[in-house]
Amino acid sequence: MKLIDRSIEKFFWIAAVLSLSITVLIFGFMVILGFPLFKGGQFFELLSQPWLPDYGTYGIYPMIVGTLSISLIGLVFAFPLSLGCSAFISVLGPKRFGRVLKKIVQMMTGIPTVIYGFVGIFLLVPIIRELFEHGSGMCILSASILLAILISPTMILFFSDSFDQVPKPFLDAVDALGGNKAQKILYVILPYSLRGVITGLILALGRAMGDTMIALMIAGNAVAIPDSVLDSTRTLTAHIALIIAADFESLEFKTLFACGIILYLFTTFITLSVRSFDLMPWRRK
Amino acid sequence: MMNRVLEKGVTGFSWICAMVLLGTVSCIVGYLLIKGLGTINITLIFGETDPMDALFFRKQVFDGLFPAILGTFALVALSVSFAIPIGLAAGIYMAEYCRGIVKRVFSLFFDILAGIPSIVVGLFGFSVAIFLHNYFSSRIYPCLLISALSLAFLVLPYLIRTTQVSLENLPEDIRRTAPALGATKLQNIFHVLIPRSLSGIASGVILSIGRCAEDTAVIMLTGVVATAGVPKSVFSNYEALPFYIYYISSQYSNKQKLLSGYGAAIILLVICGLLFAIAFFIKHRLTYHVLYKP
Numbered sequence: 007m008k009l010i011d012r013s014i015e016k017f018f019w020i021a022a023v024l025s026l027s028i029t030v031l032i033f034g035f036m037v038i039l040g041f042p043l044f045k046g047g048q049f050f051e052l053l054s055q056p057w058l059p060d061y062g063t064y065g066i067y068p069m070i071v072g073t074l075s076i077s078l079i080g081l082v083f084a085f086p087l088s089l090g091c092s093a094f095i096s097v098l099g100p101k102r103f104g105r106v107l108k109k110i111v112q113m114m115t116g117i118p119t120v121i122y123g124f125v126g127i128f129l130l131v132p133i134i135r136e137l138f139e140h141g142s143g144m145c146i147l148s149a150s151i152l153l154a155i156l157i158s159p160t161m162i163l164f165f166s167d168s169f170d171q172v173p174k175p176f177l178d179a180v181d182a183l184g185g186n187k188a189q190k191i192l193y194v195i196l197p198y199s200l201r202g203v204i205t206g207l208i209l210a211l212g213r214a215m216g217d218t219m220i221a222l223m224i225a226g227n228a229v230a231i232p233d234s235v236l237d238s239t240r241t242l243t244a245h246i247a248l249i250i251a252a253d254f255e256s257l258e259f260k261t262l263f264a265c266g267i268i269l270y271l272f273t274t275f276i277t278l279s280v281r282s283f284d285l286m287p288w289r290r291k
Numbered sequence: 014m015m016n017r018v019l020e021k022g023v024t025g026f027s028w029i030c031a032m033v034l035l036g037t038v039s040c041i042v043g044y045l046l047i048k049g050l051g052t053i054n055i056t057l058i059f060g061e062t063d064p065m066d067a068l069f070f071r072k073q074v075f076d077g078l079f080p081a082i083l084g085t086f087a088l089v090a091l092s093v094s095f096a097i098p099i100g101l102a103a104g105i106y107m108a109e110y111c112r113g114i115v116k117r118v119f120s121l122f123f124d125i126l127a128g129i130p131s132i133v134v135g136l137f138g139f140s141v142a143i144f145l146h147n148y149f150s151s152r153i154y155p156c157l158l159i160s161a162l163s164l165a166f167l168v169l170p171y172l173i174r175t176t177q178v179s180l181e182n183l184p185e186d187i188r189r190t191a192p193a194l195g196a197t198k199l200q201n202i203f204h205v206l207i208p209r210s211l212s213g214i215a216s217g218v219i220l221s222i223g224r225c226a227e228d229t230a231v232i233m234l235t236g237v238v239a240t241a242g243v244p245k246s247v248f249s250n251y252e253a254l255p256f257y258i259y260y261i262s263s264q265y266s267n268k269q270k271l272l273s274g275y276g277a278a279i280i281l282l283v284i285c286g287l288l289f290a291i292a293f294f295i296k297h298r299l300t301y302h303v304l305y306k307p
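If you're matching them up, the sequences are chains W and R in order. Just so we're aligned: 230 in the numbering used here is position 224 of the first sequence, and the numbers increase by one with no gaps anywhere. Just so we're aligned: 38 in the numbering used here is position 25 of the second sequence, and the numbers increase by one with no gaps anywhere.
Hints in this document: simulated from the structure, not taken from any laboratory. Keep in mind that a hint or two might mislead.
As the list claims (entries may be wrong) - Taking lysine-lysine and the BS3-like style, the derived pairs with C-alpha atoms no more than 27 Å apart in a straight line are:
#1 W:K108 <-> W:K45
#2 W:K45 <-> W:K260
#3 R:K270 <-> W:K109
#4 R:K296 <-> W:K174
#5 R:K198 <-> R:K116
#6 R:K116 <-> W:K16
#7 W:K187 <-> W:K101
#8 R:K270 <-> R:K48
#9 R:K72 <-> R:K245
#10 W:K174 <-> R:K21
#11 W:K187 <-> W:K109
#12 R:K296 <-> R:K48
#13 W:K187 <-> W:K174
#14 R:K198 <-> R:K72
#15 R:K245 <-> W:K108
#16 R:K245 <-> R:K268
#17 W:K174 <-> W:K109
#18 W:K16 <-> R:K21
#19 R:K296 <-> R:K72
#20 W:K187 <-> R:K72
#21 W:K174 <-> W:K101
#22 W:K108 <-> W:K187
#23 R:K116 <-> W:K8
#24 W:K101 <-> R:K21
#25 R:K245 <-> W:K8
#26 R:K116 <-> W:K108
#27 W:K101 <-> R:K296
#28 R:K296 <-> W:K109
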């Protein structure tokens, strides 16, 4: 009996160590397989060079620009939208309507990304093409609009959670002073939950940078450095998804691991900075 | 004066935001339904093959969604059966055994794992397959098993986290009663703590099933293909619904194919919506039990 107990407890421990080692293994594998890149500072050259396979240059600078532009523009769309919606849910909207909206937003987090992409191709891309009469419509703008729709639900739920954390006496005080709902959100709730809002924003940035399908399906995947938001571009994630190199020893193939390493380091950085706020969503309950 | 304008503006702005969001969602779902609802029928799934023949694997289905649906189910079943034992066990360890600095280190690594983009996990699965192919057995290629394992890695942190949180949220008096009566720690965990937090754990499990079913980025690097038929073993290629949708959107040959893409999208949406609703229902029941029926 004692022995069985022991081995079950051992199994719990092994499971946890195994899960931890996967985190390390993922990084280790990419570093080992991409190792030749680190010799002689080649890794940092890759970060600043263009992608010109004909000249033997496999820089991933265009993809870094692509990732940054799509996700940052996506955030510019999504942030005010999410702030408005969560204010609507928590305070400004009619109670019942706010609850319905929250249910819908929760449902939205369950919609598969590939479906956003699919509808985007056949609905949004033609609209952008007709509207701006520039290229195929598969561009940074279309991708970031869709990305904004994708990341908004997470942000809205996070924001409205932190809005609900404001102590009730604060809100009662506003009521007692005769303040209205708009004053409540502007002068009490927003300042109080500023940290929550920033955390939500950082988390959303991580989500936006890590997304593959939207960029892959909507942004057009051109490897040139984009000049405007109406140009097509390729993100780091889409670059990994697109390449099917036959030669696993080629430099072209190795650049995938450079993309992977950058994405890994970046999302780790985001996780660390969110943790330093100590505001991971599950820890605040 | 400025403040007055701002205060008025805020309310209007939040109404606009709510309407924009509702509008976009209804556009997306509505567009899909209008375009695709007409294509949903028995031929969409089974093609020209007789459904009974297909279900008992007597005949191959050539231009239907059947292999993709089956592939998705096989993939989800396989990866969840890898992830659940490990995820729950690690979650129990985190909540009941791990303390202090070790706990902080573990939870840091699980947070990092949860944040890794799915395509990077896919790249990892792909390189593991290549590695095994080169050094272990040349018969190993990206396949159903590799995809299922990679997806398991992807959902592992969610399972650990939901298990840990639902155990840790149990009230202290429930936690202490059984040991006070002489139960061992393990008896307490299996007979008291887990049954009490079952609904939280279950909704975490169902949400990770949903993630396995919808993920495209991981599987497109680890063995999914456009046409493979029903998967014969865990070492073969397979089809899956999300990849089919992606594939159709990028290279459809005729209108018929495109319409089947709409059909596939609706089916995937319904599957994910159902899973989500079930998880939501279970969670809701949990709060109901805790709050009103002690």
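### Message
Check the structure against each numbered hint from earlier and tell me which ones fail, lowest number first.
### Response
1, 3, 12, 14, 15, 16, 18, 19, 20, 25, 26
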